[in-house]
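Student: Residue strings, one per chain:
There are 2 protein chains.
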Amino acid sequence: MMEKELNKHFKHEHFPKVLKDAMLYSLEAGGKRLRPVLLAASYGAFQTGTDKILTSAVALEMIHTYSLIHDDLPAMDNDDYRRGKLTNHKAFNEAIAILAGDALLTYSFEIIANDPLLSSDEKVTILQMLSRASGPHGMVAGQIYDMEAEDKAISLEQLENIHALKTGELVGFAVKAGAFLGNASEEQLKHLEKFAYYLGILFQVQDDILDIEGDEEKLGKSVGSDIDQNKSTYPKLLGLNGAKKLKLEYANKAKESLKMAQANTDILMNLIDHFSQRDH
Amino acid sequence: MMEKELNKHFKHEHFPKVLKDAMLYSLEAGGKRLRPVLLAASYGAFQTGTDKILTSAVALEMIHTYSLIHDDLPAMDNDDYRRGKLTNHKAFNEAIAILAGDALLTYSFEIIANDPLLSSDEKVTILQMLSRASGPHGMVAGQIYDMEAEDKAISLEQLENIHALKTGELVGFAVKAGAFLGNASEEQLKHLEKFAYYLGILFQVQDDILDIEGDEEKLGKSVGSDIDQNKSTYPKLLGLNGAKKLKLEYANKAKESLKMAQANTDILMNLIDHFSQRDH
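Residue numbers (this note's numbering), protein chains in the order written: chain A, 24 to 303; chain B, 24 to 303.
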């Protein structure tokens with residue numbers, strides 16, 4: 024579903040060839056599409072069908088992808104591989120990678136502003152939520168704090184704040200956008216926001232655990248890189264067992280909040296376990 | 024006016040300190056604010072006051088500034104100075120510069136989506152125009168074609184296409200957004216689009232001329248860099264006199280289109296000469 028939807032936004036567009044190739048290279052690099060799935064599941068808690076959220080889901084995946092392309096750059100994490108494939112700047116070059124990221128970010132706003140299935144009021148709300156979640160109030164702030172924490176001893180609270188911004192904001196957007204477009208009540212939105220918060224952190228805790236216990240082949244990247252880079256992680260601050268305990272605790276809190284929302288949350292409920300037990 | 028407006032969008036925002044500093048460093052680097060001025064003048068052709076266009080003008084300047092920060096990066100033009108000041112990645116570092124650019128781009132959409140003086144329909148139209156002008160259909164495409172043209176002999180038509188995208192799209196946005204918010208008619212918008220096209224190219228022709236004849240102190244950068252970098256320019260393709268002739272021709276075409284719009288275009292008319300005769 025997502026692949027077809029993604030391609031729809033590139034088929035008839037006259038982008039420079041190398042730019043289109045670079046954008047699609049990373050979009051099609053076999054990500055897990057967790058954010059679009061989450062957005063669809065959140066909408067599905069209130070409505071049937073998926074038409075109404077497809078463009079927002081694609082835009083969200085574009086923003087996630089741009090952030091990975093820029094994160095991988097030599098001046099940032101300097102990664103050569105992601106998901107078992109060469110990173111964008113290795114497959115193309117640095118200048119193209121910077122521009123492909125810029126283009127994906129900009130295009131994500133363009134496709135929402137032109138979504139034929141949303142009213143102007145809906146577009147504006149989605150654009151407000153997405154820009155806030157991904158910009159200097161959200162994901163980019165997380166990226167800065169993450170860089171500042173390198174080679175430093177930070178507290179659990181600081182670590183959680185980094186992840187709440189760097190990963191949690193887009194996870195939160197997925198859940199809130201789905202619920203908003205599904206006409207959830209204010210009350211329901213409040214509970215889903217809490218659910219999204221715990222889910223986002225839980226996702227990151229599992230990421231840190233996989234960097235210790237994961238299977239390199241399944242992950243498509245080498246494990247142990249956090250330790251090599253002397254990064255602050257949950258296992259480092261809490262021990263491996265402590266991290267696993269925290270993950271369970273957050274999974275339970277997420278489930279609790281989800282129940283309070285009183286909607287058709289079966290799929291979202293399953294996603295908590297899926298996020299918590301994923302092996303890649 | 025612009026300085027106060029710009030600062031308004033940073034005063035009470037909780038961005039990470041270094042990110043805010045880096046964003047403001049380049050925003051306040053003493054640019055000519057030509058795009059905001061143009062937007063205001065275009066609005067002024069139809070309405071009095073400027074309140075309604077201030078946020079769009081700030082957003083436009085943010086996008087222009089992000090594009091300069093990313094252009095200056097080592098992987099792109101590798102410039103150490105701009106407007107007589109260190110470029111963003113030299114004053115901070117490469118990672119911060121990449122993120123400051125990303126943040127400015129994203130924040131520009133956020134402030135428009137939250138502009139209290141625009142209706143949802145107006146916000147959506149402005150966001151459609153701005154994202155299209157600055158993304159893979161517009162400015163980023165121009166950047167790619169510009170890179171591809173390096174060290175190559177290109178035709179006058181190709182050169183014009185590069186500038187129409189790289190510079191012209193944002194100039195076009197300034198004019199169209201101002202006229203749209205000023206309630207110009209379809210007919211008037213059509214003439215103003217033509218005006219903006221000639222103005223954008225004219226601006227670039229003068230840029231190329233200044234790289235040969237300009238005063239380094241006034242420009243805040245060294246002249247002759249186009250020749251050093253073996254760049255395709257108007258003077259290179261047409262000779263210096265040919266470039267000056269073309270500039271005059273485009274200035275006349277711009278004036279012609281402006282007259283056809285039949286609005287209070289005195290300031291816009293003056294801007295044609297200002298763009299064409301500027302010394303920095």
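If you're looking for bench data, these hints aren't it; they were derived computationally from the structure. Be aware that one or more of the hints could be misleading.
Copies of one chain are not kept apart here, so a pair can be met inside one copy or by any two copies together.
Said to hold, decoys possible - Derived lysine-lysine pairs resembling BS3-like cross-links, with alpha carbons at most 25 Å apart:
#	residue 1	residue 2
1	Lys-113	Lys-278
2	Lys-113	Lys-267
3	Lys-259	Lys-213
4	Lys-113	Lys-213
5	Lys-217	Lys-55
6	Lys-75	Lys-254
7	Lys-175	Lys-43
8	Lys-254	Lys-40
9	Lys-175	Lys-241
10	Lys-40	Lys-175
Remember, it's a predicted structure, so these values are computed and weren't measured experimentally.
Student: Taking the earlier hints as the rules, which of them does this structure contradict?
Tutor: Structure breaks hints 1, 2, 3, 4, 6 and 9.
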